[in-house]
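Build the full structure now, drawing on both the sequences and the hints.
Number of protein chains: 2
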Amino acid sequence: MVYQATASAPVNIACIKYWGKRDTKLILPTNSSLSVTLSQDHLRSTTTSRADPSFSKDRLWLNGKEEEIVAPGRLATCIAELKKMRKELVEDKDASAPKLSTFPVHIASYNNFPTAAGLASSASGFAALVSSLAALYALPCSPSTLSLIARQGSGSACRSLFGGYVAWEQGVLDDGSDSLAVEVAPRSHWPEMHALICVVSDDKKGTSSTSGMQRTVQTSELLQHRIKHVVPKRMKEIEAAIKAKDFDAFAKVTMADSNQFHAVALDTEPPIFYMNDVSRSIIALIVEYNRVAIEKTGKRKAAYTYDAGPNAVIYTLQENVKEIVELIVKYFPQKDGFKDPFQLFAGEGGVGEGRVVEGFNEAVAKKFEVGAVKGLIHTNVGDGPRVLDAEEALLGPDGLPKSLA
Amino acid sequence: MVYQATASAPVNIACIKYWGKRDTKLILPTNSSLSVTLSQDHLRSTTTSRADPSFSKDRLWLNGKEEEIVAPGRLATCIAELKKMRKELVEDKDASAPKLSTFPVHIASYNNFPTAAGLASSASGFAALVSSLAALYALPCSPSTLSLIARQGSGSACRSLFGGYVAWEQGVLDDGSDSLAVEVAPRSHWPEMHALICVVSDDKKGTSSTSGMQRTVQTSELLQHRIKHVVPKRMKEIEAAIKAKDFDAFAKVTMADSNQFHAVALDTEPPIFYMNDVSRSIIALIVEYNRVAIEKTGKRKAAYTYDAGPNAVIYTLQENVKEIVELIVKYFPQKDGFKDPFQLFAGEGGVGEGRVVEGFNEAVAKKFEVGAVKGLIHTNVGDGPRVLDAEEALLGPDGLPKSLA
Numbered sequence: 001m002v003y004q005a006t007a008s009a010p011v012n013i014a015c016i017k018y019w020g021k022r023d024t025k026l027i028l029p030t031n032s033s034l035s036v037t038l039s040q041d042h043l044r045s046t047t048t049s050r051a052d053p054s055f056s057k058d059r060l061w062l063n064g065k066e067e068e069i070v071a072p073g074r075l076a077t078c079i080a081e082l083k084k085m086r087k088e089l090v091e092d093k094d095a096s097a098p099k100l101s102t103f104p105v106h107i108a109s110y111n112n113f114p115t116a117a118g119l120a121s122s123a124s125g126f127a128a129l130v131s132s133l134a135a136l137y138a139l140p141c142s143p144s145t146l147s148l149i150a151r152q153g154s155g156s157a158c159r160s161l162f163g164g165y166v167a168w169e170q171g172v173l174d175d176g177s178d179s180l181a182v183e184v185a186p187r188s189h190w191p192e193m194h195a196l197i198c199v200v201s202d203d204k205k206g207t208s209s210t211s212g213m214q215r216t217v218q219t220s221e222l223l224q225h226r227i228k229h230v231v232p233k234r235m236k237e238i239e240a241a242i243k244a245k246d247f248d249a250f251a252k253v254t255m256a257d258s259n260q261f262h263a264v265a266l267d268t269e270p271p272i273f274y275m276n277d278v279s280r281s282i283i284a285l286i287v288e289y290n291r292v293a294i295e296k297t298g299k300r301k302a303a304y305t306y307d308a309g310p311n312a313v314i315y316t317l318q319e320n321v322k323e324i325v326e327l328i329v330k331y332f333p334q335k336d337g338f339k340d341p342f343q344l345f346a347g348e349g350g351v352g353e354g355r356v357v358e359g360f361n362e363a364v365a366k367k368f369e370v371g372a373v374k375g376l377i378h379t380n381v382g383d384g385p386r387v388l389d390a391e392e393a394l395l396g397p398d399g400l401p402k403s404l405a
Numbered sequence: 001m002v003y004q005a006t007a008s009a010p011v012n013i014a015c016i017k018y019w020g021k022r023d024t025k026l027i028l029p030t031n032s033s034l035s036v037t038l039s040q041d042h043l044r045s046t047t048t049s050r051a052d053p054s055f056s057k058d059r060l061w062l063n064g065k066e067e068e069i070v071a072p073g074r075l076a077t078c079i080a081e082l083k084k085m086r087k088e089l090v091e092d093k094d095a096s097a098p099k100l101s102t103f104p105v106h107i108a109s110y111n112n113f114p115t116a117a118g119l120a121s122s123a124s125g126f127a128a129l130v131s132s133l134a135a136l137y138a139l140p141c142s143p144s145t146l147s148l149i150a151r152q153g154s155g156s157a158c159r160s161l162f163g164g165y166v167a168w169e170q171g172v173l174d175d176g177s178d179s180l181a182v183e184v185a186p187r188s189h190w191p192e193m194h195a196l197i198c199v200v201s202d203d204k205k206g207t208s209s210t211s212g213m214q215r216t217v218q219t220s221e222l223l224q225h226r227i228k229h230v231v232p233k234r235m236k237e238i239e240a241a242i243k244a245k246d247f248d249a250f251a252k253v254t255m256a257d258s259n260q261f262h263a264v265a266l267d268t269e270p271p272i273f274y275m276n277d278v279s280r281s282i283i284a285l286i287v288e289y290n291r292v293a294i295e296k297t298g299k300r301k302a303a304y305t306y307d308a309g310p311n312a313v314i315y316t317l318q319e320n321v322k323e324i325v326e327l328i329v330k331y332f333p334q335k336d337g338f339k340d341p342f343q344l345f346a347g348e349g350g351v352g353e354g355r356v357v358e359g360f361n362e363a364v365a366k367k368f369e370v371g372a373v374k375g376l377i378h379t380n381v382g383d384g385p386r387v388l389d390a391e392e393a394l395l396g397p398d399g400l401p402k403s404l405a
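Those protein sequence lines, which keep their order, are chains H and V.
Take 1 as the starting number for the first sequence in this note's numbering and just add one per residue.
Take 1 as the starting number for the second sequence in this note's numbering and just add one per residue.
Hints are computed from structural coordinates only; laboratory data are not their basis.
Treat the hints loosely; a few may be bogus.
[Said to hold, decoys possible] Each computed PhoX-like pair below joins lysine-lysine, with the alpha-carbon atoms no more than 25 Å apart:
#1 K330/V / K204/H
#2 K228/V / K228/H
#3 K243/V / K233/V
#4 K25/H / K87/H
#5 K204/H / K374/V
#6 K57/H / K25/H
[Claimed, not checked] From chain V, some residues computed to sit far from chain H (all C-beta separations above 12 Å):
#7 G298
#8 F345
#9 V356
Backbone N, C-alpha and C fix where the C-beta goes; we use that ideal spot for every residue, glycine too.
Next up, the structure:
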C-alpha cells in the first residue's frame, strides 16, 4: 500500500495588502487582507506527499532541489501540525486507520512559473503542501481550518486555500485560531475578472517581505493609522464591491491600497522601495487609461496592484484585456511573443506593435527599451486547491522526485 | 529722485516638509515646517524694484522675460499688500514721506541658477521680491512680518526671509496673521552645516507642488495622521537637534520626514511620484554610508532630503563633504568637472573617479551612465536676504531690465 497524495494550489494577488505581523512565530497579521485567486491553468504549485514507515526522516524537494526541514522552522511547523491533526482527528477516532502520523514523509513540490519571474511562490507553495498532506491524511477539515496551518508557513498562503475572492481575517486571539481565510465570493460569482501580470526587470535586490514588514512595524509612524483606521473601512468597501460586481469601486480601493502599502514601506527607516521607474510608468498608463474610461463612461476599467517587487498585476474585466495588452505592448515592446492563452489575437496573427485607445494622452509615459517588461502573463480568477490523480504525482516509485530520476 | 532698491534672497531646503494647505488663497499650511537656508554665495534670486509716477502700470520681468501681473494672483497680492503697508506704516505716519504707494512699480528679478536645474525658484524669488519692495518702501518691519507677505506669494518663500535655521509656524488664525517664519538658530550657531545638491536628470513631467499637495489633502488617508501626530513631534525633535548641534538626530528626523512626505504623495489618488530610480539609488548610498558611520562611531554623517522633484539635497557637516562628493561621483560619473567652491580637491587636481569609504558595501547600487546626475552643487548654510548696492540693480535708467537693453 502506497500512502500518497498530490495536490495543486493557486497563486493569489492581494487587493488589500498584508504588511506587518503582530506575532512573527504564529504569523498573525496586523491587519486583515483580501485577494483574488488566480487560475491554476496558468500559475500553480503542485505537491506530492507520501508517508512511508521505511523513510528515514521527513524530506522535501522544491523544483527538484532538496531543502532542509529545520525545526522549529515554518516548514517543520506545518508538517508537525498536520501530523498532529491526522492523529487527533483520524487515528484517535478510528483505530483501524493506518498510523500515518508516525511515518516520515517525502514531499516534492514544483512551481510551473520561473522564480526569475519574481512572483511570490510561497503562497501557492505552502497551500499546495498543506493540501497534499491534508489529502494524504484524509483530514476532515474545511479550507478555513487548513488555512490556519498554511498561514504558519507563509502568511498569504492561507488565502490560496480558496478560489475566487478571499479574505484573511486578522483575528484577535493570541493563539491565532481565528486568523484564517474565508471565501468572500466564489470564482463563479464574478468569473469575468481577469489579470495581466507585467513581469518587470529589476537590477536591484529587493528587501525580503519578511524582514521589510517588521521594519515597517517598528519604524513607520503611518502604519498604525493604516491598520486601525484605513484597512477596516477598505475591507468593507471591497467586499461590497465584489458582492455587487462593481468593478469601478473594486479598482478604486485596490489601487489606493497598493499605493498605501508602498507608502508605508517608504515611511520605513531606512525606506523600502519595491517599485521602480518601469512600475511607475505602468501606473501612469493605467491612470490615463482610466481617465479616458471615466470621461466616456464614468467608470474605471483597470486596477494596478504591486506586491513586494516591481511587477505589476493589472486587474480588469475580460472585455478590456485586449486593449490593455495593446497598451502595455506599445510602451513596453516585447522580445518574446505574447502567449495568448485566451486567444485574444488569434484572428490577427499576434499582438503586433500595440496601440492606445482613442483620447489617450500618449505623453504620460515614454516608450521603453525591449526587456523593461520581460513578459506578460494573462490569467483570470480561478478555483481553489485541487487534488490530482496519481498520474500527476511528482514522486516516483522509489519515493524520490521524478525529476531527479 | 529715483526710488529704487535691490535685494537678494536665498534658497531654503526643508527638513520638515510643507505639504498641504488649509487655506489656498492665503496659503496657510496644514502643518509647520522647518528648513535650512542655503548660502546666497552660490544660489540666489536678486530683485530690483522701482517706483515711479511716470510708469503706466506695475510690471515684472523674470530672468529678462516679462510676466503678466494678474489680480488677484499671488504676485499682485504681494505687491498690493506691500503698497498698503507703505501707506499705513510710513506715509500715514509721516506726511513728508513720498507717496510711493501710489506709484506703479517696475520689478526685475533674476535667479542665478538655471530653471533646468529643477531647483524651486519660487521661494527665493518671492523672498527677494518682498525684500526689495520692503527696502524701497522703507518698511519698519521684522523679517517675520515680511514673511507673512512672502508666504502669500509662495508658501515656502516665507522661510527664505531668514538665514540659518528657520521654522514656519503654521498658525491657527483664519486670517493667517500667525502663520509666519521665525528663526530657530542663526547661521553662526551651526555654520558647519553644508549641503550637496545632486541635480538629477528626469524625463517625466512632475506634478506641480501646488496641485499635488491639494490632491494629497483631498485623497490621502495618511496625511491627517502625519499632520496631527507626526509633524508636531518632529518639529520639537529637530529644533532640539539644531540647538544642540546634534547632527545624528538632525539627520534621522530629516530623512524620516523626506520619506514621509513622499509616502503621503504616493498615498494620493492618483499617486504622485517625485523620486525616480536615480533618487532611490542616492538614498541607498547615503543609507549605506551612514551604516558604516554608525558602525564606527554610533552616529549618522549625512542626511538626504527630496522636495517635489528627483533632486537630492544631502546635508552633512563640512568635514564629510569631500567623502560624499567622492561617493556620489563614483556611482554617478560627471560630464562636467565638479565646481569646487570650497576647494576640497584643490591639492588633487579635481575630484577624480570617486571612491567609497572603507567598509562600504559597493553592491548597494549600480554605477549609472554619465548624466544620470547632471550636476553637483556644493553650498552651505547661509544668511538671510541682503539689500544690495545700487550698482547691483537689474533695472536700467529707463526703468527696464538691463538684460534687455
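For this session: Determine which of the earlier numbered hints do not hold for this structure and return their numbers in increasing order.
Result: The structure conflicts with no hint, since it agrees with every one listed earlier.
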